[in-house]
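Q: For reference, the chains in residue letters:
There are 2 protein chains.
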Amino acid sequence: MSASVPAFAIGIDLGGTTIKAALVERGVGIQHEMSHPTEAEEGPPHVIRRIVEMIQPLIERAPNREIAGIGIGAPGTVNWERTAVIYPPNLPGWGIVDLRQELQKALGRSLPVFVENDANLAGLGSAHYGAGRPFDSFIMVTLGTGVGGAIIYRNRIFRGTTGGAGEIGHMSIDYEGPLDRYGIAGSIEAYIGQRFLSRYARYRLLTHRDSLVHQMAGADLRNITPRILYEAARAGDVLAREVLAWAGHKLGCVLASAVNLLDIHKIVVGGGVSAAGEFILEPARRALRRYVIPALRDRVEVVRETLGNEAGMLGAAQLVFQLLEQPREDLEA
Amino acid sequence: MSASVPAFAIGIDLGGTTIKAALVERGVGIQHEMSHPTEAEEGPPHVIRRIVEMIQPLIERAPNREIAGIGIGAPGTVNWERTAVIYPPNLPGWGIVDLRQELQKALGRSLPVFVENDANLAGLGSAHYGAGRPFDSFIMVTLGTGVGGAIIYRNRIFRGTTGGAGEIGHMSIDYEGPLDRYGIAGSIEAYIGQRFLSRYARYRLLTHRDSLVHQMAGADLRNITPRILYEAARAGDVLAREVLAWAGHKLGCVLASAVNLLDIHKIVVGGGVSAAGEFILEPARRALRRYVIPALRDRVEVVRETLGNEAGMLGAAQLVFQLLEQPREDLEA
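Chains as they are written, first to last, in the numbering used here: chain A, 1 to 333; chain B, 1001 to 1333.
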């Protein structure tokens, strides 16, 4: 079967504000790319039309207009069969929408279509096109508004029993710690999710009037971003370095728990907060070594993802290649 | 191939003080069982002879003296190929010992032999013969001197990248908590490993002179066992109930982190401390619901393993059946 799978596929990132789509060549990368406002409030049929409008010209650009299929990443839960999104959190008013069926209908052909959680696809994209390439298995953690995660095991997504594996963001590192948005005490998101980290920085700044962060963030400290903290840290600001090291330590602690449980020793860190780079990652490595079992202390490795948003599209296309070429139990219902 | 695999196998539990061996009928259970002192200090060749002396009469009892093979459980690390133990912690002075090769040599025949970590085999035994039977996937946690664990995913052992997955005992629930034997802060073992739990009970008893535990444990409070706490709790002792509920809450917290990461919602609890039964498990369930992501709150389920030591032998035999009948990637080097 492998020989007959075309070397091109479409990868789509279905975001709350923007749809991104790319024509991906297997093992090479993105060949063409476009984006459109999602206009999710117009409802699924409208969005499906939008997607079709983007897919058509991308297919035109594939050799012989042949593509293996379409992969779609979306936040939240997808069904086990990877055909539908289920109440996607970023698409208000959507319920369960069978994107496979809708797309096939709109395209008038039975192209393979697979839907998968976007964090998982970012992991798969990293595994095949990004910083995860050297590793057969790794834990992907995405530091953004929330803290997302994915488990890549032997170059495939570890899905768990309902497709929801990888929720590193809600693992607790302090059973009496601060609450995250789900009310879970001490989850890593409650420390280093962007909003929480900014708040922590604001508190620390109250007693550090001389910090560069004050100048850089301006009058409203709610403007503090990881980028500002990083810039201040790079300029030598002690407080910014402390805040990022504090975050890195927490990150290392939760990663150690994941490493101990999974016996997967490689970590790829992506997302906005990872812009703070080594100021977070080096403390994370130190903590990681401290909290993993001794046998793993010399094996753990933390690297930063250099792919940006395109990781999701690359992963979406990769999922198509993978499922068509090596179907396995994770394709089953 | 499946049809030709005999329905009987030998399961061995290679403990530090005792070797246990059983003839197991597939899907039925233990048919015959025996045990012998390990005498590990006499060295591997002696222990191999011991094992052979136990295996021979068990094979005699199999129909037509036909067995599928031999499974061996041992603590600590085994190699990925499942042929050798690697510095087993309970067999002092042993280095890397290729049990497959040694056993085949001693038996004078090339019977299949598989070696696996004992906690993983207890999980596999539970999956096929114990409380784990209703579940395709579950997390096994064994509460004893330490806190062991295993991940059963689709009725097989999830091994991680080096065969060491499932170290729940060293996952941290408080990054500034007490240290376990590896120096990991706030690991669950540092709360509910038997020694730590007993110590916590002793501290609490200092200010609870009227507790039944004082009478039951006698003059030396170091004698406190989970069994004593359970008996006192059952007799209505408030302090014993508080101590066990405290332990259960911690257990639920770490299990929630594992559930969130793995998207595996069923938990089987075994081992000595689980003798404290519902006094631990009910608080664990409450905490678990509190610390898992909302989508999983109604799905999580915690049950107690009713198999005792035989879980390991059953799992060892099951591993033989499984690897011969459905060889898959986890059989590969």
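Hint data in this document are derived by calculation from the structure and do not stem from the laboratory. Careful: at least some of the hints might be erroneous.
[As the list claims (entries may be wrong)] Examples of chain B residues lying across from chain A (beta carbon under 10 angstroms, computed):
id, residue
1, E1081
2, A1084
3, I1096
4, D1098
5, Q1101
6, P1134
7, G1144
8, T1145
9, I1151
10, Y1182
11, A1245
[As the list claims (entries may be wrong)] A short list of chain B residues far from chain A (calculated; beta carbon distances all over 12 angstroms):
id, residue
12, Q1031
13, P1044
14, W1094
15, R1133
16, R1159
17, E1167
18, H1170
19, S1172
20, A1219
21, D1220
22, E1242
23, G1252
24, S1257
25, G1277
26, V1292
27, P1294
All C-beta atoms, glycine included, are put in the ideal place defined by N, C-alpha and C.
Q: Non-interface claim for B/S1257: all C-beta distances to chain A beyond 12 angstroms?
A: The claim breaks: B/S1257 does not keep its Cβ more than 12 angstroms from every Cβ of chain A (closest is about 4 angstroms).
Q: Taking the least C-beta to C-beta distance, is B/T1145 closer than 10 angstroms to chain A?
A: Since chain A brings no Cβ nearer than about 16 angstroms to B/T1145, farther than 10 angstroms, the hint is violated.
Q: Using the nearest Cβ pair, does B/D1098 come within less than 10 angstroms of chain A?
A: With a minimum Cβ separation of about 20 angstroms from chain A (threshold 10 angstroms), the hint on B/D1098 is violated.
Q: Taking the shortest Cβ-to-Cβ distance between B/R1159 and chain A, state whether it exceeds 12 angstroms.
A: 7 angstroms, violated
Q: Can the hint on B/Y1182 be confirmed by a CB-to-CB distance to chain A that is less than 10 angstroms?
A: With a closest approach of 6 angstroms, the B/Y1182 hint holds.
Q: Is it the case that B/G1277 keeps its Cβ farther than 12 angstroms from each residue Cβ in chain A?
A: 22 angstroms, holds
Q: Any CB of chain A closer than 10 angstroms to the CB of B/E1081?
A: Since chain A brings no Cβ nearer than about 16 angstroms to B/E1081, farther than 10 angstroms, the hint is violated.
Q: Verify that the Cβ of B/S1172 lies farther than 12 angstroms from every Cβ atom of chain A, and report whether the claim holds or is violated.
A: Since the minimum Cβ distance to chain A is about 6 angstroms, B/S1172 lies within 12 angstroms and the statement is violated.
Q: Minimum Cβ distance from B/I1096 to chain A below 10 angstroms?
A: At 14 angstroms from the nearest chain A Cβ, B/I1096 fails the 10 angstroms test, so the hint is violated.
Q: Closer than 10 angstroms between Cβ atoms is the bar; does B/G1144 clear it against chain A? Give me holds or violated.
A: 17 angstroms, violated
Q: Could you let me know if the closest chain A CB is still more than 12 angstroms away from the CB of B/P1294?
A: 6 angstroms, violated
Q: Over 12 angstroms to the closest beta carbon of chain A is the bar; see if B/G1252 clears it.
A: 9 angstroms, violated
Against the hints set out earlier in the document, violations occur for numbers 1, 2, 3, 4, 5, 6, 7, 8, 11, 16, 17, 18, 19, 23, 24, 26 and 27.
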